[in-house]
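Protein chains in written order, with the numbering used here: chain A, 438 to 829; chain B, 438 to 829; chain C, 438 to 829; chain D, 438 to 829.
Relax, there's no trap hidden among the hints.
No distinction is drawn between identical chains; accordingly, a pair holds when it is met within one copy or between any pair of copies.
The calculated lysine-lysine pairs, modelled on PhoX-like cross-linking and capped at a C-alpha distance of 20 Å, are:
{"#": "1", "residue 1": "693", "residue 2": "559"}
{"#": "2", "residue 1": "737", "residue 2": "684"}
{"#": "3", "residue 1": "693", "residue 2": "555"}
{"#": "4", "residue 1": "680", "residue 2": "657"}
{"#": "5", "residue 1": "645", "residue 2": "674"}
{"#": "6", "residue 1": "718", "residue 2": "680"}
{"#": "7", "residue 1": "703", "residue 2": "693"}
{"#": "8", "residue 1": "693", "residue 2": "711"}
{"#": "9", "residue 1": "543", "residue 2": "737"}
No lab work stands behind these hints: they were computed from the structure.
Number of protein chains: 4
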Amino acid sequence: IIVDAIFGIGLNRPPADWVKRIIADLNTSDAFTLAVDIPSGLFMERAVEDREAVIQADYVLSFQSPKLVFFLPETGVFLNQWEVLDIGLDRTFLSQTETDFGLVGKNEVLAGYRPRPKFSHKGTYGHALVIGGSYGKMGAVVLAAQAALKAGSGLVSTYVPQCGYTIVQTAFPEGMTLTDTGERKLTDIDYALEPQGVGIGIGMGTDKATVNAFSNFLSKNKTPMVIDADAINILAKNKALLKEMPKGTVLTPHPKELQRLIGSWKDDFGKLKKARSFSKKYDCVLVIKGAHTLIVYQGKGYINVTGNPGMATAGSGDVLTGILTGLMAQGYPPLQATIFGVYLHGRAGDIQVEHTGYQALTASVIIEGIGPAFLDLFAPPEKQEVVANKEE
Amino acid sequence: IIVDAIFGIGLNRPPADWVKRIIADLNTSDAFTLAVDIPSGLFMERAVEDREAVIQADYVLSFQSPKLVFFLPETGVFLNQWEVLDIGLDRTFLSQTETDFGLVGKNEVLAGYRPRPKFSHKGTYGHALVIGGSYGKMGAVVLAAQAALKAGSGLVSTYVPQCGYTIVQTAFPEGMTLTDTGERKLTDIDYALEPQGVGIGIGMGTDKATVNAFSNFLSKNKTPMVIDADAINILAKNKALLKEMPKGTVLTPHPKELQRLIGSWKDDFGKLKKARSFSKKYDCVLVIKGAHTLIVYQGKGYINVTGNPGMATAGSGDVLTGILTGLMAQGYPPLQATIFGVYLHGRAGDIQVEHTGYQALTASVIIEGIGPAFLDLFAPPEKQEVVANKEE
Amino acid sequence: IIVDAIFGIGLNRPPADWVKRIIADLNTSDAFTLAVDIPSGLFMERAVEDREAVIQADYVLSFQSPKLVFFLPETGVFLNQWEVLDIGLDRTFLSQTETDFGLVGKNEVLAGYRPRPKFSHKGTYGHALVIGGSYGKMGAVVLAAQAALKAGSGLVSTYVPQCGYTIVQTAFPEGMTLTDTGERKLTDIDYALEPQGVGIGIGMGTDKATVNAFSNFLSKNKTPMVIDADAINILAKNKALLKEMPKGTVLTPHPKELQRLIGSWKDDFGKLKKARSFSKKYDCVLVIKGAHTLIVYQGKGYINVTGNPGMATAGSGDVLTGILTGLMAQGYPPLQATIFGVYLHGRAGDIQVEHTGYQALTASVIIEGIGPAFLDLFAPPEKQEVVANKEE
Amino acid sequence: IIVDAIFGIGLNRPPADWVKRIIADLNTSDAFTLAVDIPSGLFMERAVEDREAVIQADYVLSFQSPKLVFFLPETGVFLNQWEVLDIGLDRTFLSQTETDFGLVGKNEVLAGYRPRPKFSHKGTYGHALVIGGSYGKMGAVVLAAQAALKAGSGLVSTYVPQCGYTIVQTAFPEGMTLTDTGERKLTDIDYALEPQGVGIGIGMGTDKATVNAFSNFLSKNKTPMVIDADAINILAKNKALLKEMPKGTVLTPHPKELQRLIGSWKDDFGKLKKARSFSKKYDCVLVIKGAHTLIVYQGKGYINVTGNPGMATAGSGDVLTGILTGLMAQGYPPLQATIFGVYLHGRAGDIQVEHTGYQALTASVIIEGIGPAFLDLFAPPEKQEVVANKEE
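Make the full structure from the sequences, and use the hints.
Have a look at this one:
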């Protein structure tokens, strides 16, 4: 067992050559490596420049609070497991040194939870509308609509090209289906409903007619929105459209879509900086999906603690979009809806993966976990567990 | 803890100004408020005029029997939880002062239950027909048909526009599908079947051709009927049709549909009065859907005790219509079918919500609860529980 | 409690007037009536002429073996519950007096069970073909095909009109779908497959073109067959076709179809006589569906003990047809397949009804019970239970 | 009880006439036959010539390691149950006499398992493409696609004729559907995706246009492939195409397809010899499906220990093809993917058969067992059990 506790290193200096040689030796050794506070070579507020010069820790005992770098993909990989010890630092000092990033767990989510009064009715819980689909990509709409309903939306409708009619009506009996004039793609997004939340973009494609339809829709829509998938790609190629988004619009790009949207970055810290700046500029909630999904809004960041590698599966993002749309339809403000929805989505996956393992966790199975994830909110708290970054 | 026991107030006088100021203070206080018999400011037989002058009670210990106002939306909201104590009033006196409204629980339902003899066959349990659907709204028919079958109907058929053919046949293999001559809407409701119960109106739309088809159908149909959704809207706009309904027809409007049907009301008591008068005039069973669904027929009211806020979800009403149609097809008289069906629907939701939470309780999930709700009828009785009007 | 033990009466004489008056009085009494051996007024080998002159027994303690009349609809209704006591009659005598009707329970079924050798493959278990369906009645084919597969057939294909294509392919991914040249009905039953078992008639209709198609099919088909539903109706109207059936063809009429096939009867005993004569004449296995399904072949009758009133539900018969077809495809001879299949079908329903109650037991749910019914064959035996003829 | 321990016989000589007569007598006896090491008359390295001259053993206690003949269909049938005893042979000697065939169990599979790192995403787990289907045979594609997803592939798409569009999109919402220009069959396999694993051939038919399409596809495809069903039949008739397969292509023929591919064989040993030679010649992984599926590659054989006779059911092979495609998409090399996939497929069936029995184990049910089979990999090991070759 090796104990890595070369304190000063972690803070801001790259290690000296002789230290780097020691680190390289340790990393090739078979010994169990225990890092104290933070693995040597990692910085608390900067990216790693020399990845050879960081201890690959089997276990990290960290002090007082977890560090941002534990949650970022480029640096999180240096920790296999970690745990935080309360070492009794002065709490007043801590609250003054609060960073811009907060962890989102069950307590944070419960604070914003809206209980259901008895004398409520279907209308109390809003109307969610999922707009998307194109020839061969109708399943995404089905998954998002099912998720919006399971997230508690009173009504859920779908707006799809005509080739999706029988598919969506068969697979989603609870919802109305509206069809575009286009047979195989959206060409004119126009409806008489008054939804309280709109999710748009999944499976939609980026055909020119669809770009026009989306553009026209953006210019007139006032309903709170979640924008995902191809609608993000359209925005990325037509940046002028970004200004048409209602304040508080939620964007849920996956890594490549994010890059198209905000441009390339040098490292995780660069990505965060660009994301915060983008979010401020367009007054939008930006969801950076990943092992620890990060939500950025109004200069603050919210790190989600739920989820697992089994959720890297087709349609998982469509389910998230559906959950967020369903919560917004119920009246949750965009940021609260996003924080809550990202948490629920991950928790649903965590509950279901116990029955399926990582590989067999599918989007449909995650949807079935949404109910249990709601119930879990009010279950007695489990004791805090060690966070594992690697499948054992 | 505050004890609200200003007895006289609850009966018939609005509280004096100084009492009202006390009430306002109490309601803004964080203290736990326990009301005795009835919260001060609520009346037993009248609506509340000044909502500022009513105690918002955390808990009500009521005497002998619950009050009608506990179950009505405008007044039920003043009670978070309540419980009834037997204080030994003279039972003869009680039976003479019986009100026009009775509670419907398991005992009331069991009294009318029709057991299944061993030497029965499919025909013994009747043929239910669900008529409805239009382009984009076929799921409602699927849900109602599934519910009618689960409610015990021997056969269940559907009558839909042609655009529903593949959808309904795929999702509901147990039933026959009859199609209208209309492609996207009902235009001529005509069939050779002889059902024992008809449910009509769900997802049907109010196109002029459909109005005509419904009107012609009403003029010739003699089968016991449940009328719901758009068929109610058509009746509301064509009051002359109301006289064509067979005696004992069941109408299941949601609040807005009810208003279109019987006109606006000043308060819950006004609504009840109008509903009773409407029900008498047209000899129909009127179902006032809500947290406590209220059934009105022949001058009497029946208050259902099952159900929960999770049932405020898309398609939940279609499931109710299906259950009622399925029970009527089995030969339950309209009132008994309605009392039983409303109870079962709520109980199915109560059983399922334990597994899903309020938000993820969907219409399809309620349907799966119908079987367990039947089994529950014969399960050993649970002890009476406190009634919670608010999610904890 | 009344004990009915007027022994002599049960055997062959109608009761005297004064006995009849006593019986009438007893039947209107609220007392619990216990009948010994057989309720007074029932005959062991004849139908009841005067239904007023039979004790309605709450409980029957019978001797040595149950009587045929306990299982027939007209007479079974006089027994609410019954149980058989072994009173030590000479077994040699019993075996010599064996009647033409035997009970079929788990032991009888296990005797003919064909175990699965390890080194078997898909082909070992045959190919079942379900032929049927017409516009609006495709679900029957789906249910039968699913049941045939769950009954163990290695391959299951369907043959349907073209309007069933998408429906069957979507709902039954395990099977191939062959389509007729007819759009909405079968017009020419012609295929290149070589199935080992064919189930025909469900949802098929009796259109003239279909009658021709069925007639031509009968004249050339050599595969063991189950004939059900509309195919039976066609046979009933075209008796000449009956001679075209391969030896050992299984017919599964419901009561009305049976009547069309063999003509009216005076009472249950008359029905049995006609059924046995019909079965002999055409060398076919005749299934008389009911609370206790009765199978007639080569002069013998087999009374099934499984099943419950919840199975009087749409599609339940299609499931039975599928099971029988699936067993015949596996090589079970027609009589064995029928005895086994009828038992399994009822046992599947008995297992599932525990979870659904009578009303919510649907055909799809029965299909899910087929696997557990197979497993139950090898489960430790339960002790013999009282047979209840009425829902408690 | 008979103990068969005529040691010398098993090794290489056919038994003398008087021994053969004894064997025949023993086989007709009702006594329980216990064979020691190997049933008399079986050879360790040769096929049986005279099947009358082999002891049919109820139980075999074998020494040190199981024999290849225990797993082959022609010889495995002589053992009802068997177990291996460690008799302390010199392990050095054993390792030098290692045969070309190894058993594949949980340990062998776990050695190649690829754990899921936390900071992974959908793209990490590849894109599987299932190509197949024709009019009436679309279900095979649905089953394979579902299985590929459950096996852990990040994305799963399907490529089908146009008549499969609504079917696949409805039944498989997680995946994209690409359609061929052909309405009822594949005529031109052409797509813009870049999958990491392709499964091809299921339900595809062997129409001339499809043969051309497949041939053209083979000549340009570089993606690792699983070839099954009709694609194997096409290869068998067009041997020149075999050279177009990428190295390491996996072929999964059932017995008849295997024969068409490699020609007839005299006995199981002849089959193995031809299979190894074929596999070497075309550098492909050859899967010989059976009770113990045998995988042949680069001169070695791998005998799978999971699976049961219930898996001889329609679509079971499509599920295997899907699993293999899904594993290859995740980056498992062809041989490892095949060994792992064959094991998982059998284990999924073994887990599910506990709930369904052999007969009701269907392909859809096997798919639901894939998740539990993954979880089972990491469950505490069960003690080695007796292997049963016959259903008890």
